[in-house]
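Asks: All chains, please: the whole structure from these sequences, using the hints.
Number of protein chains: 2
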Amino acid sequence: MLKLNTQNILKTKIGPENGIAESDLCSFCKANGKSVKKIFDSKNQAGYAFLTLPDDNDLAKKIEKFAAEQKKNKWENIVVLGIGGSALGLIALREAVLGPLYNLYSKPRLFVLDNIDPFYTANFFSTIDVHKSLFIVISKSGTTVEPMALYAIARGKFKQSDVKKHFVFVTDPEEGLLRDIAKKDNISTFEVPQKVGGRFSVLSAVGLLPAALIGIDIKAIFDGAKKMRGQIGKSSPEKNPALLLAATQYLMDIKKGKCMTVMMPYSSSLYRTADWYRQLLAESIGKNEKTGPTPLKALGTTDQHSQLQLYTEGPNNKLIIFLTSATFAKDPKIGNVLPKEIGYLNGKKLSEILAAAHAGTAGSLAAAKRPNLTIEVPTCDEENIGALIMLFEFQVALLGFMYKVNAFDQPGVEHGKKITKSLLSKTK
Amino acid sequence: MLKLNTQNILKTKIGPENGIAESDLCSFCKANGKSVKKIFDSKNQAGYAFLTLPDDNDLAKKIEKFAAEQKKNKWENIVVLGIGGSALGLIALREAVLGPLYNLYSKPRLFVLDNIDPFYTANFFSTIDVHKSLFIVISKSGTTVEPMALYAIARGKFKQSDVKKHFVFVTDPEEGLLRDIAKKDNISTFEVPQKVGGRFSVLSAVGLLPAALIGIDIKAIFDGAKKMRGQIGKSSPEKNPALLLAATQYLMDIKKGKCMTVMMPYSSSLYRTADWYRQLLAESIGKNEKTGPTPLKALGTTDQHSQLQLYTEGPNNKLIIFLTSATFAKDPKIGNVLPKEIGYLNGKKLSEILAAAHAGTAGSLAAAKRPNLTIEVPTCDEENIGALIMLFEFQVALLGFMYKVNAFDQPGVEHGKKITKSLLSKTK
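Protein chains in written order, with our numbering: chain A, 1 to 428; chain B, 1 to 428.
Honestly, the hints are just simulated from the structure, not real lab data.
Careful: at least some of the hints might be erroneous.
[Said to hold, decoys possible] With a straight-line cut-off of 30 Å between C-alpha atoms, the simulated DSSO-like cross-links for lysine-lysine are:
1. A:227 to A:62
2. B:333 to A:297
3. A:159 to B:333
4. A:62 to A:183
[Claimed, not checked] Taking beta-carbon pairs under 10 Å as the criterion, some of the chain B residues facing chain A (in silico):
5. 86
6. 100
7. 104
8. 118
9. 127
10. 145
11. 173
12. 177
13. 295
14. 296
15. 299
16. 312
17. 335
18. 354
We put the beta carbon where it would ideally sit given N, CA and C, even for glycine.
Replies: Okay, here's the thing in structure tokens:
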């Protein structure tokens, strides 16, 4: 079960100028309790349907069957061609469960190509053996520039008779360019869910297919998400984790001028969860000239040596959300080798040092009247990343109500796309 | 030569509420021209001595000699144990010159361990062959918790007689724990420069030793830095790139409420330069409750699908600095394989698509009255990363004058360190 510690956002801890009174937080949560119900009641509607994704046992079975069949191909590489919501969620899953070094020591490796950098792309394709690779192309319409450009490059490496074996598409169930190509070339497909936007789609085939192909237990992810959904559904407003988070973020922005939310995991495995959250928050809520938090990502302890000076003494305009892990699957211990000046490290596990660093940072920020809260997971595994995903998706849906914006569209990016397309259509 | 395009910060382009009048920018630069001279005049003083680092030809020779001697060991891995300024700069160098995938296809690989995550650390040490690895421990005092904890773990893998071969220290020239250990165990050392702080130290042995060990031409880095220094020194104020950048950032913050600076390279190789800059700006200028920009990193095109919605329609509180590369060492071309709906991509080089995406993003942001500027490097190589480093270091030193803060200390992080130490000293 996740633990939420909100002591360091309270007036009693960080003073009246920057802190919230517990009673105000409580009554704000109560006033917004109806939004929780509204979201549950809307679960079959476009956008809100993210809530139902973990119930799709048929999909889980279909994915697991496909993953089992693929074993015979002994893939060295699973290569995802996708961007934004078709990349960040599955990267978060890979790292939370298997850690950032997984590709270094295990096969099949999972690569996610979510940029079209020429040097990177050229080096990638000259390094991996495409004939030992499965390419998963993810795009609802099949018109997203980046994955389609990369698809074109990958496709050019194969003769027509090998295409069926080396490609699988995750795309619109009925229409679009990838659907057309799949029909023509008999390529296996999975569906991008109809009623769920990209940034809320990680618990569909978009995130789960690549995850299952590298051995992640996708049913356990579903279990964690469903448990969190249950907890959100049955908690009283003032104890509802999603509501508490949303209320804190909203009140800190509107009442206390904290226009940024820093997500700072003290866990390398959760760093990319912060990256996924960055899109979730920015695209869902970033629609109002006047209000709405800008997400930042940071990593503990690394960024203590990069950003902490600013967070402590610079403008007091940030809410910091720490993510911590109570235990780690592996946990090296320091031998008795350091001289007495730093002898206090001898005999310590790295987890103890990390926990003390988090406590030191949270405490010193609170002493400097900087609001911060901590979400602790028991450990980094499928169930807990599933729970975090549901928690944050629900929180952001709640923020949509609080900020009175549509959390599920992204109208602001169309103009740039048009300019880009027109520039590329003009050049020969 | 770097090109700076500041059209999209001007009043004429983005309107009077968010844009700066060209005449105001010009007169502000002129008024601050004396700070440029002051910095050059202070080049032998603590802090400002970053300016003289590229003149140390003796150091370059010493490093190159050491790197040449190490070739006989046929290292598979160069492993840096360092954090903050002892990590971010050298990561930026590695990626700018060799790209983010370098470790995938070349030896020796360069790993930088700048966190103490237990799972990550355990997996790292169980994966690499320590007997084919050279460990570079970087800490001025030898009391920085993270590198010393990792040093203890690494050291525990070797018998005493192998220590001299497998370790090299970059530390204080005279005192400190690492200096003591080096003397006792006859370990090779290089110096952390006396008058330069960690975040300004990348052009010393801190950044250059690891770089040289993976084949980067460190003299070319010096050349680029010196050329930029020369350009900064001889430009008139209104054409001085460092002054223009600093003035823009300062005026946008103070006069236009842009409390965040987003650095967004359209180049995967320059993404970690944005990370290095994040520390440089945050620790140097983040010292005033009222003012000072918070740095953000983003990556084009990736973050068009994550952050652009917010940047375009959310609060207008950001200055965006794009970094682009005019050419790429490798540049794949798309074959004639895509259907007509996206046929405009057929025959295009990835660099063309990337450039069009940047133009589309910059243009759409300007249309939405969001200030942005672009720094273009001719290509990603040693000379240009050297130039960028000098440019940004000088810019941040100038910001110190504008914001009237000491750009070279970081007092805000001490309290947290004390709590951490006291927690660790108490536990058994």
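Asks: Each hint should be assessed against the structure and marked as holding or not.
Replies: Hints and how they fare:
no.	hint	result
1	A:227 to A:62	23 Å, holds
2	B:333 to A:297	34 Å, violated
3	A:159 to B:333	18 Å, holds
4	A:62 to A:183	19 Å, holds
5	86	8 Å, holds
6	100	6 Å, holds
7	104	5 Å, holds
8	118	4 Å, holds
9	127	4 Å, holds
10	145	7 Å, holds
11	173	19 Å, violated
12	177	6 Å, holds
13	295	8 Å, holds
14	296	6 Å, holds
15	299	7 Å, holds
16	312	4 Å, holds
17	335	4 Å, holds
18	354	6 Å, holds
Hint compliance for this structure: hints 2 and 11 are not met, and every other hint is.
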